[in-house]
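**Student:** Please work from the sequences and hints to get the whole structure.
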Amino acid sequence: MDIGPLLPGRMPNSLITQRLQAQMQDARFGMSQLETELSTGQKFQIPSEDPIDASHAIQLQSLLTQNTQLDSNVQASTSLLNATDSALASISGALNAAKGLDSSGVGNANTPEQKVSMAQEVQALIQEVVNTGNSTFGGRYLFGGSRNTTGPFSVTSTGAVLYSGDQQSLNNLVDVGLTQATNVDGNTALAALTPPVTSDINPALTLQTQLSALKAGQGVATGQISVTLSSPATTTTIDLSQAKTIGDVKNIIENALGAANVTVGINAAKNGISITPTAGTITIADPPGGSVASNLGIAGNALASINSGDLNPDLTLTTKLADLNGGAGIGATAGNGLLITNGSTQKVVDISSAVTVEDLLNLLKSPDLNLSVGINSAGNGLAISSRLSGADFSIGENNGQNATKLGIRTFTGSTLLSSLNYGQGIPVNGGQPLAITRRDGTVVNVDLSGSISVQDVINKINAVDPGNLVASLNAVGNGLSLVDNSGAGPLSVDTSALGTALGLAGTEPGNNPAVPLVGKDVNAQETGGTLDILVRLQKALETNDNATLTRLGGMIDDESTRVTGVRAALGARMQTLQNVDASLKNQNLQTQQALSNSKDADMATVLSELIARQTAFEATLRAAAQTMQLSLAQFL
Amino acid sequence: MGLNAALSTAGSALDIFSSGIQVAGNNIANANDPNYVRESLLLDPSFPVQQGGLIIGSGVTATGVKQQIDQFLQTRIYAANGDASGSSARNSTYQQLETSLQTLSGADLSSQLSQLTGQFNNLVNQPELGASRQLAVQQGVQFAQSVTDLRSRIDTLRTTANSQVDSLVTEANSLIDDIAALNPRITALESAGLLKSDAGGLRDQRYADLNRLSQIVPITVIDHGTGGVDVALGNDSLIIPGAVHHLETSVSGDRGIGVENVTVEGTNTPISGSKGELAGTIFGRDNIAGGFIDKLDQFTSSIINQFNLIHSSGQGEHGYTSVTGTYRVKDPNAALDAAGLAFPPQNGSFQVEVVNTSTGIAQTSTINVDLAGVNPRTTLNGVVSQLNGVANLSASVTSDGFLQINAANGYQVEFANDNSGTLAALGVNTFFTGSSSVDIGVNSQLTADPTLLAAGQGGGPGDGSNAALLAGIGNLSSAALGGSTIGNFYQQTVSALGQASSSENAVSQGFQGFLDALNSQKAQFSGISIDNEMIQIMQFQNSYQTAARFISTIDKLFTSLLQI
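Residue numbers (this note's numbering), protein chains in the order written: chain A, 269 to 904; chain B, 279 to 842.
Note that these hints are calculated values from the structure, not bench results. Just so you know, not all the hints are guaranteed correct.
[Said to hold, decoys possible] With a cut-off of at most 30 Å between alpha-carbon atoms, the simulated DSSO-like pairs for lysine-lysine come out as follows:
hint	chain 1	residue 1	chain 2	residue 2
1	A	LYS867	B	LYS573
2	B	LYS573	B	LYS608
3	A	LYS311	B	LYS573
4	A	LYS538	A	LYS588
5	A	LYS633	A	LYS588
6	A	LYS807	A	LYS633
[Stated by the list, open to error] Facing chain A, from chain B, some residues (calculated, C-beta under 10 Å):
hint	residue
7	ALA309
8	PRO312
9	THR339
10	GLN393
11	GLY408
12	GLN412
13	GLU538
14	ASN697
15	SER762
16	GLY765
17	SER773
18	ALA795
19	GLN799
20	SER804
[As the list claims (entries may be wrong)] Covered stretches of chain A, going by a simulated chain B footprint (3 or more residues, C-beta under 8 Å):
hint	segment
21	276–287
22	394–408
On a predicted model such as this, the values are computed, not experimentally measured, just so you know. Idealized CB from N, CA, C, for every residue including glycine.
**Tutor:** Okay, structure coming up:
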């Protein structure tokens, strides 16, 4: 009961009693509330007791929970990255040791026998690095990418090292809006894969192409377009927001305008769409604020036909091989295929059964090939790498054009001469010409100086006697071939540094002018990583291969620098984690303070208020006891 | 005037003074009854008589016993009763609802959501650990459980409100009967009286009945001066001479429980509005608790849908050998966006990957779901026939309308890149089942085999990229939540509830304060003061003694006269 003001007039006993009761109840209630505040330490128990502070508290509490979780994410990341860093440190150590062995191995300071025992030391180093590559922490193989439940590195029977992990970054959330990888994959740490063989193979646009795959994967946002036909004269606003594929766009536009009035299809270049009215002209524009028509390249004014131009669709797993190269396909596959060499394995992969990109990749995933296959990061071509360190890898033709048209031939006309022979290049500018002894016995000296690419070399040879002395890429495998119809003698290329470097040095002893002198593949791919170096170093020491030992010396330096770079990047990540951790702790403190301000009871205030109320309550009780005793009856 | 006349005057005075003492005594006897209305004896001088040239008073007559009540104040109390008890009923619903939510306690839904996303964050930290998936699934089960628990607590609250409605209606009806029965008795008793308030006890009882009835429903009382009162509720009469209309209840379904609807007999006018305990309880049940259920369902269905949309495009550690959808279509030949699914899909496509378990080689096929408004639109049977076109896969619609997909021996099926929401709509490769706070659960295929939890997007066991998306679920804004994020939506709902509860509390206190002030005025006017009554008694006692002395004087005069 509210203790309201008294009106002048009577004071019935019932009113006095009611008021006393209300006063006592009020005082008791107030004290109970204060006692609850004291015992829980909170200003309020349910939000309605203080809605403003409660809504702050709810938000702050959830912020606090979020920060606690982020902090736990940071701790998880930190421990994983710490373990990764110490593993990487041991790789640097192994590279240093290898550098020492390589320096001692070059030249004749040590005997071949001594080099063989040095090779055994390298063997131990290989095992050490493989073990490091298979380090685990908290149940995770640190360097396996996302395949981190089994050891990613293993030594094959031929001595090469196989990396069976992938290249995935395992990201976690370390701060609001900041994700960071908690791992370093095996390829990043040890360069365990060869650089991917890839090139743009220009998939054609089809009705199945997803709009999200257009414009090199950027996609096209959908919305409304405004279409005006001159015959029949209409302006229609078409909503494309439901469209997900080019086929949807076609259906929606044709449905809106009438299939009899307009035809939507793939353009002649098979890289975009064309919109053609049956009669008259068509105008397509964006409604105010829209950009769908211009993004799709179909905005145009009073045209007989609108062509979107190149929409550059991405390659996907379901892209048909026949749609590659602007719809030209990859050439005949029956009887052809790919000649793949990877270490000791050489295999013709028959791709005649493959219809889609995925089918092809599945064929290449065959375990004996040891390849890592996928779509390149630009989304416009395949990316094929070898998983073997210490082995040579190449993809060549098998009498067809398949490898070239798939963009995965390792030796083509556009291959740079400087990249051949493990990057040691071709000495075209060394002053020596290429000496070819033709079948008629004449020797022609071809000056190759100034050549940049393989095609330049081919062109220069072909310019000697056009149509008769013909250089070309090998029909099978990789390398250069020469045919000469000048006579019936043997065809040979001298064994000079230039001829050897080009892989052409040698003789075709027969007398059939149609039989080519087939050169060797001089563009074998290698991973160039720590394990690759160590395996090659071991072999070079065993075989006393000074040239390779010299080459490896440079590679070890490069690899050391690269690993240092990886560790630096890792250090930067750990630095980020430390900063985030510090800022989280700071933020936590502030949040807790704010939460305490809005939620916690102020004990001093509560206690003094409780005492004040207690005094008031005692006074009320005393007054009540006395008031209740007062009665006229007492005095009669 | 003769001595006899004087003696008779004195005699009547004695009678009346003893009546006065009786009235005061009755007042004292009822002093502790809060409904009792103070009575007082009304006295008038008797008609004077003319004796020759003199007009002499002939003593006193009692006009009657009058209840000391302010009728205008009483009308205001009836009105204030309706306001105060209506608001108090709403306030009490708010408080009970807030208590059910356990906000700020760490056991509330907001904390449960944080724990769920937290567990998914832990999964992202190390997806390769089997326990991570297990814990994430368990946390999902716990989250679903806490949603359904909360829902059943609110349902209980509403059911309790329902039985309260029931008992209020019963009470109101018996009060209506009581008042209707008291009316003729008061009329009969007072027919001889003059003051229209002589039947004090009966009137007290009726005042008490009316007071209680006005707390339950906002009544208007019309006193038509004959001792009876009419009672109306809005435009409907509850009591008029010769007719009584009770309140009636009927049951209808609302948000999963049966609710009592109250109407006035005869006109079937529903009880609604803000006044009265009954309307307040109904409002609390349907709008406050019911409204919260709507918000809870909105929140729950958004979580289910968003979670499933993300989950259905990801992959677990391995694929399914067989998977059955959890959402039923009414007609497998109806377009999928019109087949009665809780979360209808839109135009787009999804991919199925059939994996050879011995080689690990996957074969991807795109299943088109054509719903762009251009006929023919894809039906469930259309999806089934596309799936049946995929090598080593067979699909069917079960007799009760679920999609079932089986992989051939030695194969498993995985799902990816669903931009149509079809998988989430059909409940294939989904995390949550159900569509509201009543039926939310975790897909039994995941609880049976947590390795199916789709933490990755095509990578190895360490791929947690899909789980990272799931962990961010609280920050996803949803059109179904008016553009607010899932995490904020619930906080906003709870804050808004606290705000509304707090204002209702203030309103309620205001109404109660006003009512108390009126009641205090009534008590001041109609209540019993024992001191006053004692003074009255003493006064009547003195008067009685004086009148007795007067009689004794007359007696002496008679004696003197007779001795002559």
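**Student:** Let me make sure I understand: some of the numbered hints might not hold for this structure. Which ones are they, in numerical order?
**Tutor:** Failing hints, ascending: 9, 12, 13, 15.
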